[in-house]
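Peer 1: From first to last, the protein sequence lines are chains R and Y. Under my numbering, the first residue of the first sequence carries the number 1, and numbering increases by one thereafter. Under my numbering, the first residue of the second sequence carries the number 508, and numbering increases by one thereafter.
Mixed in with the good hints there might be a few duds.
[As the list claims (entries may be wrong)] Here are the simulated distance ranges between beta carbons:
id, chain 1, residue 1, chain 2, residue 2, range
1, Y, ILE626, R, GLN131, 45 to 51 Å
2, R, GLY375, Y, TYR619, 47 to 53 Å
3, R, GLY118, Y, ILE622, 30 to 36 Å
4, R, GLU95, Y, TYR640, 46 to 52 Å
5, R, GLY506, Y, HIS689, 48 to 54 Å
6, R, ALA77, Y, HIS689, 33 to 39 Å
[Unchecked claim] Some chain R residues flagged as far from chain Y (calculated, every beta-carbon gap over 12 Å):
id, residue
7, GLY111
8, LEU147
9, GLU214
10, GLN427
11, GLN499
[What the hints assert, rightly or not] Examples of chain Y residues lying across from chain R (beta carbon under 10 Å, computed):
id, residue
12, ALA682
13, HIS689
14, ALA707
Hints listed in this document are in silico derivations from the structure and should not be mistaken for laboratory results. In this text, all values refer to a predicted model and were calculated from it rather than measured experimentally. Idealized CB from N, CA, C, for every residue including glycine.
Residue-level listing of the chains:
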Amino acid sequence: MSTVDGQEREPILQMSGIYKHFPGVKALNNVSFRLFPGEVHALMGENGAGKSTLIKVLTGVYSIDQGAVTLSGRHVAIHSPLEAQAAGISTVYQEVNLCPNLTVAENIFIGREPRRFGRILWKEMNRKAEQLLRERLQLGIDVTQPLYMYSVAIQQLVAIARALNISAKVLILDEPTSSLDRNEVEQLFKIMRKLKEDGLAILFVTHFLDQVYEISERITILRNGEFVGEYEAAQLPRIELVSKMIGKELELLGELPKAGGEGRAEAKESLIEAIGLGRKGAIEPFDLLIGKGEVVSLAGLLGSGRTEMARLFFGADRPDQGQLLLKDSPGAVHSPRQAIDAGIAFCPENRKTEGIIDDLTVRENIVLAMQATRGWMRRIPRKKQDELADQYIKALNINPPNPEHLVKNLSGGNQQKVILARWLLTQPKLLILDEPTRGIDVGAKAEIQKLVLSLARQGMSVLFVSSELEEVVRVSDRIVVLRDRKKVKEMQEDIGQQQVMQAIAGG
Amino acid sequence: MFKQKYLSIAVTVFLFAVMFLAGSFRYTGFFSLQVILNLLIDNAFLLIVAVGMTFVIVTGGIDLSVGSVIALTTMMSASLVQEHGWPPAVVIPLMLVIGSLFGWVMGAIIHYFKIQPFIVTLAGMFLARGLCYVISINTITIDDAFYTKMAQTKIHLPGGSFISISVIIALVVIAAGIYIAHYTRLGRNIYALGGSEQSALLMGLPVARTKIAVYTLSGFCSALAGVVFTFYMLSGYGLHAMGLELDAIASVVIGGTLLTGGVGYIFGTFFGVLIQGVIQTIISFEGTLSSWWTKIVIGLLLFLFILFQRVLSARQATQKL
Ligand SMILES: Nc1ncnc2c1ncn2[C@@H]1O[C@H](COP(=O)(O)OP(=O)(O)O)[C@@H](O)[C@H]1O
Ligand SMILES: [Mg+2]
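All chains, please: the whole structure from these sequences, using the hints.
Peer 2: Laid out in structure tokens, this is it:
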């Protein structure tokens, strides 16, 4: 842990030794955080690091399991957002936290409406709301319309306007810029700088690295609910920030030998091509061509748009622009159904919720997708099922090698192999693997990596999504780097982790 | 600009006008001010409970206990006034307090134990109905001077028509309801709660207080409706106001309030009640039709309105500025 010394100032907010757990998750594990007046402090970490949870325990949405909070030097216990507001903490939570059925003006003022003798003064409220939006956010909209009439970006600005209108000592913005365009972000930053000069302490969460360096003086990093450290932004190079967020120190990133780069076909015939494919709020338009027998990896921080890109290839989300063209068959992919028919298989990130069916046996789980493509009326004969199960249990080395074993009693790695087997059985041309090795042990990881390579050698294309640079570098022919929901780079073979990390960090 | 949010109210008012005009063309003597006023006289208690119900439904909840609370109020009033000789000046305020308390307890259970309003108020419904029979299984007729005076007093309007005191009470409740809904923090918090409880919480609104207040308010309205119903029937009986909760819910929905919460107007509810009343009147003018036809028509209307709301909200979802 490193801290910045030589501070004479008193922090306005200090959180120390904070613990918070949810069933099955240690969301915060001994986290500390401090905030000084007149600074913008970025709270960084990958998705699920615990940033929003830290904000929510601070503002009384969740109770704190253990730990102390001081505000202006005094111990405080905040039990509800209402108390947080009263204590001078104004918050824009990550989810747009407004009421779509109320008017824009009400959303800004509710709870603090101008009144006379208890009667709400609508005219005055509307006038003030309009003025606030126009003067501070350069937004000229009809404030008497219900909020649902407006886009998410405008709703986000309204949420910010609400927070600005609460005279506070601490302003918390949890990913306020996620759906704003460049101009709107610029406007917000102008206001933040002004507020900072006025002595407000601002806690800012974003997953856009550029924005962090643009606006904040200090950075606190969380990883998996743990406190990594507090740093001066000026003294923390981007690449170091990224490595701290991911949890790999640079010196540990020695080059590992690349497995099986040899023996793969050289010039790749193309299989599927995305042209200007994009989806608002998920991923900016990108071009990407995947060749036959090629392994293309998507690398980037969690939340950089990797899963979103993969889902577009499967037709799981509807793109709002661009096209996805298959080389062999005419026509484009619009839905998972079409994708499956075209020979695309998608192995989702979260095998617990989206893939595996706990109470079925290994055999039943394996034949599931094949059965589905045949239609439920044409049952696969039991003998055939047994054959297939045995074949894949052997091929993938599933342990224990018993097709009648319940899947829930398998280890994570073996469950992952069962899902893989399920999709391999449909003999896809393109296999999309989203984090296939997350949370499984080293041995199983290596086996899955080996499997990916051997499948590619047999001519199957693979779109591989992983947070682990080491395996990305090891299995891929090509690496596509994503940052801030944008495809920023495409790298050919012979790439080192250093270069990939550099590309992820950017600028 | 005509605001889209008034569209469903406009439909309700239009529907009422059409029904009333249709009745006027078909039956002689239908087209008169007194027929409209009779709608108010006969449905004063329904108007009052429907106001409370509108608030509850706007929060996204439901209150099934209202009919039973009315019955219990008539029963307790009749018993206290008739059998125990308590003065109405004590009994009536006491009823209002008991009704509010009853609602408050249900609201607190709903909020703090996070139990479905449907279940809690269903329990409240059985409880209140059952309590009636603890007092008596028979009708208790009231001949107290104050109650008979309240029942029989006609307030004459210019032009020879008249209304009852109950109508005045109902109109005051409606006016108060509209004021609370649109000009007080409580009212706006109720709408916010119906829009999104999670958001209301994160915006720092007093969610617990608001939710409990809504059921308290509904309890109060039910008790007041019970008092008015006692004036109307001049008796207490455990079978009074059977199924009235469903009439109240139907009025609220026909009045344009969304069952999913967040959107609704007392003004619409007012016309929702009148529509039910006008259907009843038409059927009684028809003479040969069974009064069950009222239920059939209301059932059909409910279907139509819910479909209409569905279409409306689907259209809104695709219509951003
Ligand atoms: N209400 C909740 N119930 C259970 N788990 C939660 C809840 N909120 C967050 N978590 C878990 O806590 C962890 C931290 O989440 P969060 O604070 O939202 O991360 P971040 O904002 O850094 O992306 C995640 O593993 C998440 O799944
Ligand atoms: Mg978050």
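Peer 1: I'd like to know which numbered hints this structure contradicts. Please list them from smallest to largest.
Peer 2: 7, 8, 12
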